[in-house]
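**Q** The lines below spell out each chain.
There are 2 protein chains.
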Amino acid sequence: MTGTSGQDARACEGKEGKTKEELELASAYVSDAQYNRNVFFDTSPRAVSLYLLYNRRLLRVSVYFFILLDLSLAVCEEPAVWPLPPWATMLAELLCLHVFALRLVHYAKVIPRDKFWKDPKNICMMAILALTLVDMIVYGALHAAGFYALRWSRVLRPLLLVNVTEGRQLRRAIRSIRNALPQILSLFLLFIFSILIFSLMALKLFGKRGLATADGAAYFSNYGDAAFELYVLVTTANSPDVMMPAYDAGSAFALFFIVYIVVNTYIFMSVFLAVVFNNYKKYLKEEVRQLVRAKRRKMARAFAVLRELPEDGGRGEPLVGRASWTRLVRSVRPDISRAHTELLWSVSDDDNRGAIDERSFVQLADLLNIEVITLKSRPHPLDRLCPAFYRSAPSRLVRRSVRHRAFAAAYDVIILINAVFIGLDEKQPMIANSEWGFLALYLLEILLKLYVIEPRTFFSAHSFWNWFDTLIVVSALIATVVNAALESSGGYTSRQILDIVFILRVLRLIRVVDSIKRFRTIMNTLIRIGPAILTFGQLILVVYYVFAVVGMELFAGKVKFYEDAGDPARLDCGNALLRGSAFARLGYCKNNFNHAGAAFVLLVQLTVVNQWHILCSGFTAVTHESARIYFVLFHVVVVIVVINIFVAFVLEAFFLEYSLDKSDLHTELEKKIEQLQLGVAQDAVEDNLVAAMETSDHEQPAEQSESAAPKLVFKIASKRYRTVDALLQRLFEADLEREDADVHDGDGNFANPSFGAA
Amino acid sequence: MTGTSGQDARACEGKEGKTKEELELASAYVSDAQYNRNVFFDTSPRAVSLYLLYNRRLLRVSVYFFILLDLSLAVCEEPAVWPLPPWATMLAELLCLHVFALRLVHYAKVIPRDKFWKDPKNICMMAILALTLVDMIVYGALHAAGFYALRWSRVLRPLLLVNVTEGRQLRRAIRSIRNALPQILSLFLLFIFSILIFSLMALKLFGKRGLATADGAAYFSNYGDAAFELYVLVTTANSPDVMMPAYDAGSAFALFFIVYIVVNTYIFMSVFLAVVFNNYKKYLKEEVRQLVRAKRRKMARAFAVLRELPEDGGRGEPLVGRASWTRLVRSVRPDISRAHTELLWSVSDDDNRGAIDERSFVQLADLLNIEVITLKSRPHPLDRLCPAFYRSAPSRLVRRSVRHRAFAAAYDVIILINAVFIGLDEKQPMIANSEWGFLALYLLEILLKLYVIEPRTFFSAHSFWNWFDTLIVVSALIATVVNAALESSGGYTSRQILDIVFILRVLRLIRVVDSIKRFRTIMNTLIRIGPAILTFGQLILVVYYVFAVVGMELFAGKVKFYEDAGDPARLDCGNALLRGSAFARLGYCKNNFNHAGAAFVLLVQLTVVNQWHILCSGFTAVTHESARIYFVLFHVVVVIVVINIFVAFVLEAFFLEYSLDKSDLHTELEKKIEQLQLGVAQDAVEDNLVAAMETSDHEQPAEQSESAAPKLVFKIASKRYRTVDALLQRLFEADLEREDADVHDGDGNFANPSFGAA
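Here the protein sequences line up with chains L and Z, keeping their order.
Each residue of the first sequence is one higher than the one before, counting from 1 in my numbering.
Each residue of the second sequence is one higher than the one before, counting from 1 in my numbering.
Simulated from the structure, these hints should not be mistaken for lab results.
You can trust all of the hints, since none of them are fake.
Because identical chains share one entry, a pair is satisfied inside a single copy or across any pair of copies.
With a straight-line cut-off of 20 Å between C-alpha atoms, the simulated SDA-like cross-links for lysine to any residue are:
| hint | residue 1 | residue 2 |
| --- | --- | --- |
| 1 | K208 | M430 |
| 2 | K560 | S581 |
| 3 | K121 | I67 |
| 4 | K285 | I184 |
| 5 | K208 | I431 |
| 6 | K208 | L424 |
| 7 | K121 | L131 |
| 8 | K449 | W465 |
| 9 | K208 | E435 |
| 10 | K560 | V622 |
| 11 | K558 | S626 |
| 12 | K20 | P45 |
| 13 | K427 | F438 |
| 14 | K208 | D425 |
| 15 | K115 | R46 |
Sequences are here, hints too, so could you generate the full structure?
**A** See below:
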């Protein structure tokens with residue numbers, strides 16, 4: 001029915017097809033709307049073509065590749081993990097700079113000149129490129145002349161991630177931090193005031209008592225140290241040590257510290273989280289609200305390009321016909337199947353008019369973002385090759401038993417037994433040999449499943465656990481075989497290979513989580529918010545990189561680690577200033593800034609906070625008291641601001657997950673799939689997310705495969721949000737319904753929402 | 001105008017006055033609604049009288065006094081801070097038990113028998129009393145016979161706080177934790193599974209490498225220890241020490257620990273917070289919603305008691321007349337002034353009908369909860385005693401300059417100079433003497449302010465900073481004089497008095513916070529949510545008490561502290577098993593369970609988490625490995641559940657603070673005050689909370705005092721919520737507006753909302 005009416009529509013529209021240019025313009029708008037790009041591009045046909053090229057995945061990926069290359073140069077520059085001569089790294093950097101410059105020029109050609117020069121991210125980008133170039137020239141000259149030279153522009157590299165066109169989310173996160181800063185600053189000053197007041201009290205109470213710490217050092221003897229000690233106490237890193245001398249001297253002094261901890265550690269830190277969270281939510285929501293509005297306007301512009309005036313000369317609303325719509329969808333998403341396109345059309349054109357109005361058209365951006373999996377239910381290859389055998393009674397029995405619940409349960413038991421065996425000593429021959437047995441069992445499981453389930457279905461993109469199992473088992477098999485071969489050939493065991501074997505063995509046990517329902521729901525939520533956490537990972541990377549580069553300049557080579565456990569230099573980390581210090585005594589020599597890798601590990605330790613004052617004391621001992629500034633600054637930036645943003649982010653994502661239902665559009669699409677009898681049972685799928693990645697769901701199409709012809713089945717992938725944006729946008733869709741009217745106010749020419757500088 | 005119409009109304013109603021019984025019943029309902037008591041009392045006149053008695057503040061306070069007495073017995077029981085013979089403490093406890101039993105009997109007489117026996121808090125209370133009595137008898141008998149006996153019922157004592165009628169909020173908090181438990185448990189099991197998997201991996205990777213920790217102990221050599229070490233790593237207490245041996249052996253192993261920390265410390269812990277927060281909000285909101293509904297029903301019942309049928313025989317809505325209303329308000333709040341009552345009436349009877357309908361009547365409970373300050377603007381006593389002098393030109397000049405902004409600024413500068421002086425060495429005679437100068441300056445400030453502002457206004461209940469200043473300065477003066485007297489008499493200085501002097505001096509500096517506007521707003525929020533935090537304090541007290549009692553039974557006397565710094569026993573805390581342990585080396589001997597005080601301090605340290613594994617290792621060394629259970633349990637209960645509830649609570653309170661505007665009722669009351677021209681400038685008052693506690697506001701009435709007659713001025717105390725309930729109820733008021741209709745459905749007899757057992 002849909003088919004014929006569609007043909008009618010196509011027939012009656014054919015006469016006024018849209019030009020290629022119009023189509024490109026429309027698809028540029030739609031693709032912008034779909035990916036929330038908020039770019040005010042030039043609408044001339046040439047610019048539009050260039051813009052479509054600009055957004056090609058290949059180009060975007062390669063930009064990120066070169067950024068990564070540029071960032072990873074730190075590993076090969078002095079102080080280096082793997083040293084390369086300066087000319088090599090500088091050549092590589094020059095290449096990267098060229099790529100970024102080209103990309104920028106491309107961008108400049110796409111958007112109007114005045115917009116380009118008003119956009120702070122472009123200015124920043126040019127500044128970064130220019131400064132880096134200047135630095136490289138100066139460094140090259142000084143280096144050639146044999147002077148000491150500093151590659152200071154390295155701290156600018158992570159800013160590339162922020163200022164590149166694709167760094168939208170990162171820019172937004174940074175903007176929301178910046179907007180929250182005034183409030184955070186007020187709170188921070190009050191917090192510092194509180195610490196200073198307590199320090200003064202501590203100085204007066206304990207300074208004159210002649211107490212000593214466990215190390216024999218003077219206790220609260222001067223104001224600066226007192227303030228630092230109490231700042232460290234806020235992070236709890238020196239609790240209870242800082243309190244013990246006073247507590248030993250008089251029990252009542254414990255009160256001082258308890259009040260201090262309650263006020264500063266508990267109340268102030270909670271309030272920091274509250275302020276960060278509140279501001280984060282407020283600004284992010286405001287920005288996302290603007291984004292949703294921008295998206296709708298983009299779609300309205302696309303509609304304006306494609307609309308056909310009604311035939312009765314002006315009356316009636318403008319519509320977009322099926323032909324233009326289909327060409328548009330094909331050009332925006334060339335990867336989706338014809339059947340999928342038809343499905344989307346039938347959702348948009350719900351009442352079968354053969355054309356859609358603006359309201360339905362605007363939904364397209366969201367429709368395209370709903371992941372629809374097209375399952376081709378094919379017969380099993382064995383069924384095709386030798387049906388007599390595959391359909392015989394014993395074969396049917398095997399297939400039925402593999403599908404039975406007991407099969408999965410049996411394998412859960414096997415995994416548990418395996419866990420016990422792993423825990424036992426693998427030196428025992430019985431235990432060592434049992435490993436082969438378990439490997440065989442796991443292989444058998446995979447083969448049996450492959451026997452039952454059509455292989456392409458088994459290994460479809462969404463079958464997470466199938467992929468996981470197969471990868472783990474096959475690599476464990478390979479590693480174990482290699483290991484056994486090495487062992488039997490020369491009695492030699494490679495530690496690395498053994499380590500990998502062990503890790504793979506233990507990873508196999510994770511599978512059990514999927515079998516327990518109460519775990520599954522939590523895992524789903526975690527997996528669902530997982531991708532969105534990556535934005536946050538970029539933010540951490542930027543901050544870490546800057547601190548690592550600065551740290552390497554300040555502290556590289558001051559503290560050394562000696563591999564040889566017997567080396568006496570290990571006692572003072574190769575620096576006499578550290579002799580007898582807590583830093584050396586606790587064996588922290590490898591926590592240094594001697595290369596980018598070590599610096600990153602050290603920064604992680606500082607983020608974890610515990611013992612950061614010992615690490616700090618080590619570096620102040622080999623340099624100067626003022627090195628504390630670096631460590632305190634890191635704590636304030638990373639732990640008080642960034643980690644709180646992270647917690648705020650996880651909380652918000654969790655709350656959204658709990659409060660969001662399926663969108664109307666989602667439901668509509670589902671309904672349509674059901675109507676057309678193209679779906680697999682939705683209940684089973686939507687029940688939980690892992691289901692979508694689970695074998696059991698794929699069995700249903702496989703079951704139907706008993707009938708001859710390959711049949712097409714659609715399934716909506718469970719709602720998973722690739723970005724926080726997507727999550728938040730869903731939240732505001734309801735809010736914005738009523739603003740719909742304002743989508744096409746004005747002349748369709750909308751301003752680029754300006755969020756201020758990045 | 002209000003007055004005359006009021007008189008008319010009174011005249012025409014006089015004929016059908018309400019009986020004393022009816023009034024008592026109504027006031028019981030209103031007072032229940034006002035304080036959110038959800039008690040289904042018997043409506044017989046005798047029961048109502050008893051119920052009003054039951055709710056008397058004196059009785060409620062005395063119950064809490066006896067609970068406190070009962071709890072504080074722990075300080076005098078073996079192991080004791082101040083030992084008392086067992087008969088003395090048991091006599092005291094017996095007295096407490098009697099009080100609780102009497103209170104329970106009183107309660108039983110107030111509410112219907114079937115309700116009493118169905119209420120779990122009563123059953124719990126009786127069980128606690130019975131068990132305590134049994135324990136005391138058994139203990140007494142065993143003790144008399146010379147056997148070893150255990151006072152196990154002491155762990156039940158904190159449950160009194162929960163099960164007493166007034167422990168509503170605590171019960172609610174505990175219920176919301178209990179309701180969240182299933183979800184927390186799932187997450188916790190997954191978290192434990194993750195730790196176990198990582199432990200297995202650590203065991204396989206590091207166990208066979210022959211590595212050693214900084215202490216020379218074996219590294220990840222058995223599964224139990226590995227799991228414990230990694231659990232400790234989640235709390236970050238042994239970071240980075242636990243990682244160093246592996247990291248030293250191979251840099252790549254750092255990855256294992258980083259992944260572990262990201263997954264378990266960051267993601268899992270954030271998700272714990274999210275789950276606790278989400279459940280807390282969900283259940284608490286549901287309960288508070290029920291409470292608001294119950295409140296309205298109580299008010300509807302009160303209305304049903306007091307309503308007078310309209311005179312035209314049945315038609316028209318029932319109303320409550322002014323006479324009954326006034327008597328009701330007088331009996332519910334005998335403390336508020338006649339003028340205040342009239343103000344409330346004029347708000348309720350907005351259109352001057354002389355009687356109010358149910359809708360207006362229901363508001364009364366909320367109206368009574370808005371703190372209205374009645375300021376009597378009296379002339380300054382000096383003005384009365386010697387007006388010629390007080391009104392002379394020099395006196396006016398003094399008064400004007402004290403009120404000037406520069407006066408406050410000058411004192412801020414003085415405080416800052418004082419801060420510097422405090423920081424300097426007080427042994428120098430110049431510095432020591434300057435203290436007298438500063439004291440004199442502060443005294444002068446207070447005297448000058450008293451000269452300008454009417455003393456009773458200056459010391460009104462809401463003038464927080466005036467009270468603060470005066471208390472601090474006067475006590476500093478007394479302490480300094482006593483100290484100087486002691487010093488000059490015998491050259492002897494009391495350390496205690498000096499300590500107090502120092503603390504008072506430093507506390508004076510806090511005043512400066514109030515002068516800085518950006519600090520003031522934050523302080524206001526903190527002060528506003530402060531009282532609500534007390535509920536949380538009770539929860540912590542309950543948990544601490546139970547753990548302290550159990551801890552004392554398990555570990556008392558195992559670790560000893562020796563006052564004498566030279567005592568060799570100090571090196572092993574008097575227990576040979578601790579010789580050379582980290583516990584003794586770090587000087588943690590005083591962190592023991594030898595009496596309730598020490599136990600509380602130790603539990604605070606465990607709550608702060610840092611070094612808890614060292615504290616734990618000390619107690620496992622002197623007892624048994626299984627002592628770890630106690631410490632891990634404490635961590636799970638206090639840090640994972642209770643502290644997260646605390647953070648959730650602060651976050652929620654903060655968000656509510658940000659999102660709540662003034663209630664309609666609040667605004668209405670304000671408008672009325674303004675209309676009647678009885679107010680002080682509201683803008684200045686509502687701007688921020690501290691303003692309400694600040695001198696400057698009280699200056700305005702003082703200014704008006706130049707005119708002769710004492711005039712009445714009202715001011716609404718800034719919105720401050722005494723409880724979380726009040727905060728949350730405000731949130732739901734809007735929600736419940738539309739449910740108003742269902743207030744008087746049924747026969748006015750409403751069920752006691754049952755929230756399950758406490």
